[in-house]
Every structure is written in C-alpha cells, then in structure tokens.
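Chemist: Put chain B on the given structure of chain A with help from the hints.
Number of protein chains: 2
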Amino acid sequence: MNKKYNVAVVGATGLVGRTMIKILEERNFPINNIKLLASKRSVGTKINYLDNEVAVEELNDNSFENIDIALFSAGNYVSENFAPVAVASNCIVIDNGSFWRLKPDVPLVVPEVNPERIKEHKGIIANPNCSTIQFVIPLYALQKKFGLKRVVASTYQAISGAGQAGLNKFHNEIQDKNTRTFSIFNNIVFHPNADTCFTNEEVKMFNETRKILSQQDLKLAITCVRLPIENSHSISANIELSMPANIEEVRNVLKKQSGIVVADDLANGVYPTPQMSNGRDEVFVGRIRQDDSAENGIYLWITADNLRKGAATNAIQIAEKLINKK
Amino acid sequence: MNKKYNVAVVGATGLVGRTMIKILEERNFPINNIKLLASKRSVGTKINYLDNEVAVEELNDNSFENIDIALFSAGNYVSENFAPVAVASNCIVIDNGSFWRLKPDVPLVVPEVNPERIKEHKGIIANPNCSTIQFVIPLYALQKKFGLKRVVASTYQAISGAGQAGLNKFHNEIQDKNTRTFSIFNNIVFHPNADTCFTNEEVKMFNETRKILSQQDLKLAITCVRLPIENSHSISANIELSMPANIEEVRNVLKKQSGIVVADDLANGVYPTPQMSNGRDEVFVGRIRQDDSAENGIYLWITADNLRKGAATNAIQIAEKLINKK
Numbered sequence: 001m002n003k004k005y006n007v008a009v010v011g012a013t014g015l016v017g018r019t020m021i022k023i024l025e026e027r028n029f030p031i032n033n034i035k036l037l038a039s040k041r042s043v044g045t046k047i048n049y050l051d052n053e054v055a056v057e058e059l060n061d062n063s064f065e066n067i068d069i070a071l072f073s074a075g076n077y078v079s080e081n082f083a084p085v086a087v088a089s090n091c092i093v094i095d096n097g098s099f100w101r102l103k104p105d106v107p108l109v110v111p112e113v114n115p116e117r118i119k120e121h122k123g124i125i126a127n128p129n130c131s132t133i134q135f136v137i138p139l140y141a142l143q144k145k146f147g148l149k150r151v152v153a154s155t156y157q158a159i160s161g162a163g164q165a166g167l168n169k170f171h172n173e174i175q176d177k178n179t180r181t182f183s184i185f186n187n188i189v190f191h192p193n194a195d196t197c198f199t200n201e202e203v204k205m206f207n208e209t210r211k212i213l214s215q216q217d218l219k220l221a222i223t224c225v226r227l228p229i230e231n232s233h234s235i236s237a238n239i240e241l242s243m244p245a246n247i248e249e250v251r252n253v254l255k256k257q258s259g260i261v262v263a264d265d266l267a268n269g270v271y272p273t274p275q276m277s278n279g280r281d282e283v284f285v286g287r288i289r290q291d292d293s294a295e296n297g298i299y300l301w302i303t304a305d306n307l308r309k310g311a312a313t314n315a316i317q318i319a320e321k322l323i324n325k326k
Numbered sequence: 327m328n329k330k331y332n333v334a335v336v337g338a339t340g341l342v343g344r345t346m347i348k349i350l351e352e353r354n355f356p357i358n359n360i361k362l363l364a365s366k367r368s369v370g371t372k373i374n375y376l377d378n379e380v381a382v383e384e385l386n387d388n389s390f391e392n393i394d395i396a397l398f399s400a401g402n403y404v405s406e407n408f409a410p411v412a413v414a415s416n417c418i419v420i421d422n423g424s425f426w427r428l429k430p431d432v433p434l435v436v437p438e439v440n441p442e443r444i445k446e447h448k449g450i451i452a453n454p455n456c457s458t459i460q461f462v463i464p465l466y467a468l469q470k471k472f473g474l475k476r477v478v479a480s481t482y483q484a485i486s487g488a489g490q491a492g493l494n495k496f497h498n499e500i501q502d503k504n505t506r507t508f509s510i511f512n513n514i515v516f517h518p519n520a521d522t523c524f525t526n527e528e529v530k531m532f533n534e535t536r537k538i539l540s541q542q543d544l545k546l547a548i549t550c551v552r553l554p555i556e557n558s559h560s561i562s563a564n565i566e567l568s569m570p571a572n573i574e575e576v577r578n579v580l581k582k583q584s585g586i587v588v589a590d591d592l593a594n595g596v597y598p599t600p601q602m603s604n605g606r607d608e609v610f611v612g613r614i615r616q617d618d619s620a621e622n623g624i625y626l627w628i629t630a631d632n633l634r635k636g637a638a639t640n641a642i643q644i645a646e647k648l649i650n651k652k
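Residue numbers (the working numbering), protein chains in the order written: chain A, 1 to 326; chain B, 327 to 652.
Honestly, the hints are just simulated from the structure, not real lab data.
In this text, all values refer to a predicted model and were calculated from it rather than measured experimentally.
Don't take each hint at face value.
[What the hints assert, rightly or not] Footprint (simulated), chain A over chain B, 3 or more residues, beta carbon under 8 angstroms:
1. 418-431
2. 523-536
3. 543-556
[Stated by the list, open to error] Here are the simulated DSSO-like pairs of lysine-lysine, each with C-alpha atoms no more than 27 angstroms apart in a straight line:
4. A/K177 - A/K255
5. B/K581 - B/K470
6. A/K256 - A/K145
7. B/K647 - B/K448
8. A/K40 - A/K22
9. B/K475 - A/K169
10. B/K503 - A/K169
11. B/K348 - A/K177
12. A/K22 - A/K321
13. B/K372 - B/K495
14. B/K545 - A/K219
15. A/K321 - A/K4
16. B/K475 - B/K503
17. A/K4 - A/K119
18. B/K545 - A/K149
19. B/K429 - B/K330
20. A/K103 - A/K119
21. A/K145 - A/K40
22. A/K46 - A/K103
23. B/K348 - B/K330
24. A/K122 - A/K149
25. A/K169 - A/K3
26. B/K545 - B/K582
27. A/K149 - B/K475
28. B/K475 - A/K219
29. A/K177 - B/K503
30. A/K149 - A/K169
31. A/K22 - B/K503
32. B/K372 - B/K348
33. B/K448 - A/K177
[Claimed, not checked] Where chain B lies over chain A, by a calculated footprint (3+ residues, C-beta under 8 angstroms):
34. 184-191
35. 230-244
Even glycine gets a Cβ: it sits at the ideal position worked out from N, Cα and C.
Isolated chain A (complex conformation) (with noise of 0.2 angstroms):
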C-alpha cells in the first residue's frame, strides 16, 4: 500500500492557501491527516477538504508534530520564525515566501526545471516568486539546447498576486467610482522598492532566475508592473541566445518542454491571455518571433495562472516529487 502522508497548510485561509488545498484535492494527494493552520483571527473558519469540514487551528510551536510536509504561505515573518519549529519536528517544509529562496543551502525548485536540488533540503525547499516560475521554465528550455546570454523581460502581472486584500481594493474600485483615485483600477503600479532604483519583485526575478538556471553570468534587465487584471501574470522577453537558432526549432524546443503549452499563430488570434491560462498548469508560449535587432535574438510572450503555477501547484509539485524520492 503506497504510504499516506500529514500534511499542514499553513496561511490556509489566504489566496495561495486556499488554491493549494484545492490543487491536494485535485491532484488525489496522497494524505493521511490534513491540518489547517493560520493565525489567531482565522480560528473556527472551516474550509471543506474533500468530504470534509476542516477547522482551521491557530499556528503555534506545536502545529508540527506528527505532520510530514508543510506548505507554507503566510507571509515572511511567519516562514523565518516557523520553518524552523516544523523543520524541529522533523517536518519538510515547503516555504512559497521569499525569505528562504536564496540561502545557499535551501533548494529552490521548479520541478520541470532543477528537480534534483530537491533531496539536496535540509528541511526546507523554497517555492520561487510567480513571475520566476513562468520565466524560468521557458528560458530553461532554450538554455539547454542554445545557451542563454541576454534576457530582457516586462512583465504584466495579475492583482491576485497581493492577495485577497488587493482582489477587494479592486472589485471595490470597479463599483464604487470614488475609491479609484490613485488606485489600480484604470491604472499600472509598481511594487514596492527594494532600492532606489529596483523593485522588490524586480530584484526577486535577477537572483531567482539565476540561481533556479544556476547560470550566475546570464545578463537580466526586468521591469515588474501590476496591472488592473484579476489573475494570471503575463511576460514580454527579448532572449539573446548563445547560438543561432531558427524560430521552427525555438518552437519545437518549448514544444517539447515538459511544463509548456504553446499556443502561437498570430494569423489567427491565437497567443497566450491570462484568460487561456487561467485554471490551468502549465505555463502558455506564443509570439514567438525571430529578434533581428540582436545576435540570435526571439521574443517570446509567456502566460501563467500565477496562483496556481506560479504558487500552489509549483509547491504541490515538489511534494510530489519529495514524497516520490523517498
């Protein structure tokens, strides 16, 4: 009999945690015990796992004992402070906040890209920021079969990615004309700055996307804005390859990618829309054009559901490749 695992979410009651139990459910999750762990104010709210009501607990230093796997999507504060607790109790934590993806000895995974840093954890694997995940895939692709040189991406990214506070401030701003004023309704904001001249997203995607690629060298310039769009991020990218390439063979590349859809015929209104990704896994390429005005240059234009792969399937993913490891 193939073994059952306990698993926690913890931030059960938010965007991504909400959408992660759904994926378990989905995906037939092989699970003994499901726990759903959130702060003090969540306490008594029931969330239906399968055929069952579940209450969420309130998250303390004993949330972990008994669980084999967390997914963790609560925030940073609560990732620096109780990874370690779950990693104490001999849980393996699955961490979709910042706060671990870059330390040296934390895996940070994309399953169709660097599985095999998975059973390199010691405890904790990170899950990457969404716009990496649908970045990375693509460019994964093309890095092995041309080599990577330059990329240089804007991104075009959904309002779910800030949670269930920011889809409110939004559906408010389409009823209620006198809450639009600098407001995302009709409008493009950037995140919040990580410098002077960065944002904090932007910053995430160069130091992901080169550790996630491990290629430390590959040029990046990324501009990150959210849009007035509820959900699923989108990408422009102008990739310089290492080598020349056809358009027939980039698209035959991302054809056979594990991970991708293509969808690219122009001629006919065919190419990716947070529409077409919208529900779905896999992260959707089109517009994929010969760059003339560089070196064996292509754009491509990447789609994805940013709290499903970009979030809680990613997550899901590597457990299931953790649990098929062991």
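Modeler: Then chain B, alone, in the frame of chain A:
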C-alpha cells in the same frame, strides 16, 4: 490683427475627433470658422465649440471649399480618398490615420522632434501612431546627446486607442459578467496581425520611429499589447546608447527635453502612471535606471495620454507650428 483660419475636423464625432475639438478650444486656436464633418449617420449631431452648437455635416467632395486646415481622424479609407480632395481645394491636411505616414513626400511629425519637416509638406502632414509619439520624444532627447543603437520596448496600451466602440465594450463587460468571455476585461490582447509574426501596431512603431528619428539603422524590438485600462498608454523601454552615460546625465537630458515631465522617485512611490498622464499633454518618463545587462544600457518607463498627446494634441501642435511658419 492675427490671421484666423477656417478649420475642418473630419471624423468629428469619434473619440479623437471630439478630443481635437476640445483641444482647439483649450489652446485658443485662431479659428474663424469651424466645420465638423463625419459620415452620413452622424449628420444632425450637434457638438459644442466654445459658446456655439455646431451641427455635424456630411463629408463630401465639396466639404473643403474655403477651408484652410483639415484635421482628419476618420479611418484610412477617408484619409486615402478625401485628403487629396482637400488638398485640391488648397486646404492643408493633418491626418491622424496610418495611410499617408510612410509616403516619402509626406512629413511625419512630432513637433518636439522634427518640426522642420512641416515646411516640406505637399498638402498632407501625417500625425504618427499614438504609441510612437510618446516613444520618440524621450528617444530623440537621448539620440541627440548620446546616440541610439538599440531599443527593446513592450507597450501597455489603453482601450481608448480602439475608439468609443472599444470603450463601450469594456464598460459593458465591467457591468455584465456574461459578456466577459474572450474579451478585454481581465485580459490582455494583441492588435490584429500585419503578417504571420508581427501585429500592425508593432509594424507602425518600427517604421514610424525610424522615419521620425531619421535613423533607418536604429535596431528595434517591439511588442505591443492592449490592456483593460481606459486611457493612457505606457511603454517599458530598454535602450542601448551609442556612448556611456550616467543616470544623472540621462535624467537631466530628459528633464530639459520639451514635452517631457520626469517623474522618477521610486522610493517615494513616484513614477509615471496612466492616472498621472490622463488629461495631460506631456509625456511622462520615470524608472530611469542603469541597465547593466547591456553596454551603455538604460531603462525608461514612459506614459502619455494617447487621445491627447498620442493623437489630438500632437495634430493641433502641428497646426500651430504650421500657422506660425506661414
């Protein structure tokens, strides 16, 4: 006494046409008589100009008798067929469509960039594409001072660029969830294709940028998308200059350029947004950063009101230069 002109607005009931009328008022353009022209189905519509109600008349072969200047924004069919009619009546046409823009003997003008071209006209002066206008003003400032080698740009274009019909569709979709499938609400779409690889908007930006900047060897990589935002286009640009420039020099060059407002203080949340540029006639530039992934690389983020500076204001600024040169 200063001369006053008889001015016709062709396409007077459209989104750009109505903006042209508003801007003629705002700028106190020296008008003797204004004539509002449109297709048959708009005849009888009345539009206010200053304190008068002006009845829209049907465009026909006699429309331009005694007209000095005609501002066209009624689609390419009208531009192609009626601009020569106007010219034959000794009327000077400033055309907002794409039909005449690339003709060798038609000046394509952004007054902050190449006003000297206006005097070369043979009756028709072309107003560039909306996203091109806001793109070339900062590029021109940098070209003069440092030279330009390559620009990678991704646009974030508003729905008003698709006219009143586009805006109506968006408003319907906000109100009625049932109309949202395969649409612009919560979505990102591309413009119609020009060939199998590029959209017509991308092709316009390639060709018009090079013509306006008089630099046919400028390397360009452009991706154009339409977002669910009512008004003001944005552009994320990565620029390779021909010589080294530090960011303070770049910022000063942009600050000194007529037509530009620099809004660049990320740490205090100051950067160009659609909400900042709506209703304004300047081009807003910010997120000015060194791009160390390229030799002499910089980043810019550019926004402008596409109905005003991207269309109506630019056309009327051309008309102002034209009459001042007479």
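Chemist: Hint by hint, say whether it matches the structure.
Modeler: Results of checking the hints against the structure:
no., hint, in the structure
1, 418-431, "violated (count 0)"
2, 523-536, "holds (count 3)"
3, 543-556, "holds (count 9)"
4, A/K177 - A/K255, "violated, 44 angstroms"
5, B/K581 - B/K470, "holds, 14 angstroms"
6, A/K256 - A/K145, "holds, 11 angstroms"
7, B/K647 - B/K448, "holds, 16 angstroms"
8, A/K40 - A/K22, "holds, 22 angstroms"
9, B/K475 - A/K169, "violated, 42 angstroms"
10, B/K503 - A/K169, "holds, 18 angstroms"
11, B/K348 - A/K177, "holds, 24 angstroms"
12, A/K22 - A/K321, "holds, 19 angstroms"
13, B/K372 - B/K495, "holds, 24 angstroms"
14, B/K545 - A/K219, "holds, 19 angstroms"
15, A/K321 - A/K4, "holds, 14 angstroms"
16, B/K475 - B/K503, "violated, 46 angstroms"
17, A/K4 - A/K119, "holds, 19 angstroms"
18, B/K545 - A/K149, "holds, 18 angstroms"
19, B/K429 - B/K330, "violated, 30 angstroms"
20, A/K103 - A/K119, "holds, 16 angstroms"
21, A/K145 - A/K40, "violated, 50 angstroms"
22, A/K46 - A/K103, "violated, 35 angstroms"
23, B/K348 - B/K330, "holds, 18 angstroms"
24, A/K122 - A/K149, "violated, 32 angstroms"
25, A/K169 - A/K3, "violated, 43 angstroms"
26, B/K545 - B/K582, "holds, 25 angstroms"
27, A/K149 - B/K475, "holds, 18 angstroms"
28, B/K475 - A/K219, "holds, 18 angstroms"
29, A/K177 - B/K503, "holds, 18 angstroms"
30, A/K149 - A/K169, "violated, 40 angstroms"
31, A/K22 - B/K503, "holds, 24 angstroms"
32, B/K372 - B/K348, "holds, 14 angstroms"
33, B/K448 - A/K177, "violated, 48 angstroms"
34, 184-191, "holds (count 5)"
35, 230-244, "holds (count 5)"
Checked against the numbered hints given earlier, this structure breaks hints 1, 4, 9, 16, 19, 21, 22, 24, 25, 30 and 33; the rest are met.
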